[in-house]
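This is what each chain is made of:
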Amino acid sequence: MISAATKEKVEALASAFPQRRSGLMPALHLIQQESGYISPEATVFLSQVFELSRAQIHETITFYHMFRTRPAGRFIFQVCTNVSCMLRGSEEIMQTLSEILGIQPGETTPDGQFTLQETECLAACGAAPVVQLNEEYLEHVTCRQIRELIAELRKES
Amino acid sequence: MSKVNLKINGKTVQAPAGSTILEAARLAEVDIPVLCHHPKLANLGSCRICLVEIARQPNLHPACTYPVFEGMEVQTESPRVVEMRKFVLDMLFSERNHHCMYCEMSGDCELQNLAYRYRMDRWSFPSPHPHMPVDATRKYFLLDHSRCILCRRCLRACSDLAANHTLGVKNRGADTMICADMDLSFGESSCVSCGTCLEVCPTGALVDRRSAYMGRTAEVQRVRSSCAACSLGCGVELVVRGGQVLRVESDWDRHNEGVLCVAGRFEPLEQTREKITRPLVRRDGQLQEATWVEALDALVSGLRQAAPGGIRAVTSGAVLSEGMNEFVNFFKGKMGVPVHLLEPALAGSELAADGGLKDVDAADFILVAGGDPLASHRVLGYRIKRAIDKGAEVWLVSGKETEMAHFAARCLGLAELDSAVAHCMESRSPVVVYGADLTAREAGRLARLRGKARFIPLAPSPNGHRAQVLGLEPAAGWAGAKALFVLLESALLQEGWLQEFRRPQFLAVYASCRSPLTDQADVVLPALQWYERQGTFINMEGRNVDVHQAVEPGGEGWSVQKLFDRLSGCMT
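Just so you know, the sequences run in chain order A and B. Going left to right, the first sequence walks through residues 4 to 160 as our numbering numbers them. Going left to right, the second sequence walks through residues 102 to 673 as our numbering numbers them.
It should be emphasised that the hints constitute simulated quantities derived from the structure, not laboratory data. Small disclaimer: the values here were computed from a predicted structure and weren't measured. Don't take each hint at face value.
Distance condition first, Cα-Cα at most 20 Å in a straight line; then the derived SDA-like pairs of lysine to any residue [claimed, not checked]:
#1 B/Lys104 with A/Glu123
#2 B/Lys553 with B/Glu527
#3 B/Lys271 with A/Glu123
#4 A/Lys12 with A/Gly39
#5 B/Lys271 with A/Lys12
#6 B/Lys271 with A/Val47
#7 B/Lys271 with A/Pro108
Covered by chain A, per the in silico footprint, the following chain B stretches (three or more residues, Cβ under 8 Å) [stated by the list, open to error]:
#8 257-269
#9 418-426
All C-beta atoms, glycine included, are put in the ideal place defined by N, C-alpha and C.
Could you put the whole structure together from the sequences, leaning on the hints where they help?
See the structure below:
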């Protein structure tokens, strides 16, 4: 469900630009902040506001890895699998995460707490391997750190 | 228009300024291969198969988007170009499953043809052949993602030609896939099954289910004809093999510009009605097969018993002009019997039919009154949606729920017709589309726009215009008939048309398929099937369009002309 307040903000974004469609990206961010993902209902709503086809909205959402079309967990691990991180052991990091959480990349744990994702370069190669946890970067990350971190997060939840 | 001089492969060519290298090459009959380019679609320049070498330029450029300039020198098959094309093909073949021998399009595939042309005998990358889904949720055609090369022709056809905007691409890079709406299955999506995407697909990704594996281009005949599903009369090509129509494709050179609808492309071949192939005569209360001589005897005696005042004749507006003329000549001319029209007629015969699809393209304002083009004349509906995409304003005046309402800027009730007429008066190049829901009074109010707007009628029957020219009256006048002759041909009976119908003492029906009407008849005369008949009808632009016989008659059906020729002989 999109709240009335968010709907109003999205409408305002559409009329803030000479071309309505220019407001789509910030609108997608707004909706994802509120709901955690972009639902089919949200896509229909956005297509009406921005006078674009549903397919065009979906194209935009799926072009960017940061937008989600399905609900994600409370904690989202995004593991960079590009060259620098791969050379510095991102594969083991991914494997460790996958084993501890019991899910494959792209999946969410049944309790809705953790989501695991592969991601393209996070632009922090100097600190490889890099994992992004929600909005924060974990740099020079090791498998041990990952184990400890997840134990802590599990306590928290 | 100014001309530009250039050289293609050393040959001097003159091309209009602003044309692309590809267009100039086609003028000079130089064949540059294409995949994402389609002559009726906007250029994209994404597949890179048309790359050419331009003298004094370091990089190769796509011929489909690069404009010509004075003194340009182009090489279209230089070693460098050929090497690059092989590379592009190599990449395309490496991407998904292109094992041609299992593909329906093998032999007719644009990608396969290019592989032969550039002598491709292997691909250099170990092909991962990712498992790709097949979407077979649509009734008439399917999408096999593993054959798709992402040229996006289907996408542009859906958006720019059919103006339906169902198709898009999801994800990016190697994960890119064609998808419908927000990644719904096609069956659940906003797809209207017009099949325009199917027709432009260069590979076997989009496949017609009915005609799959039933014949390659070299093994089939193509018969140019006109679709008689509605009064638009869209240009079609019937693809025929071994006395069977395999599928219907569109004629890109006619006013419909390659676009058809589900009622013209797929439904005619999805014949679920039982065909009538022999004359039938009622004996001892039962309809039984008979010879033409017996059927004509029964018909003549049935008509004679009621003659002359008790006979009524009714024709469907789906009958071609030649047959309708013959029918009217016989009954009205020779027998003095009034002839009626089965389908409802348009009110407002004083309104012209002077507009066409080109006028819709050029319109700044379109008034749709008393009808729903997206239900009855879909290709016109798509064209109106195209005009909306280009900025035209559409107002809908209707007393009913319509599909068109989703796209109109304003939806008004019939009582507010006058304000729409006033708005129309202020427009630059308005078009009025009017349907059968208008009363004569409302049509009269539209008549004020004569000279200002172009008029397009939504005639309820394909050849309704001809019926109007012949002065046929609405069918209500058939009540009280003692003997009734109904010329149905392949017309589909709609509910409601027969509400007033009371079976007369004698009923004769000329029809190609069984219906509630033929079941009640005393004599049933077999008509030609829709693909067996030849003639013309008047389309909504007021022009005669040709219907060509695609297949030799398979049953004992006669044309209307032959029937009345013989019947005249019997009645004298």
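query = Which earlier hints can't be squared with this structure?
reply = Of the numbered hints given earlier, those the structure breaks are 1, 5 and 9, listed in rising order.
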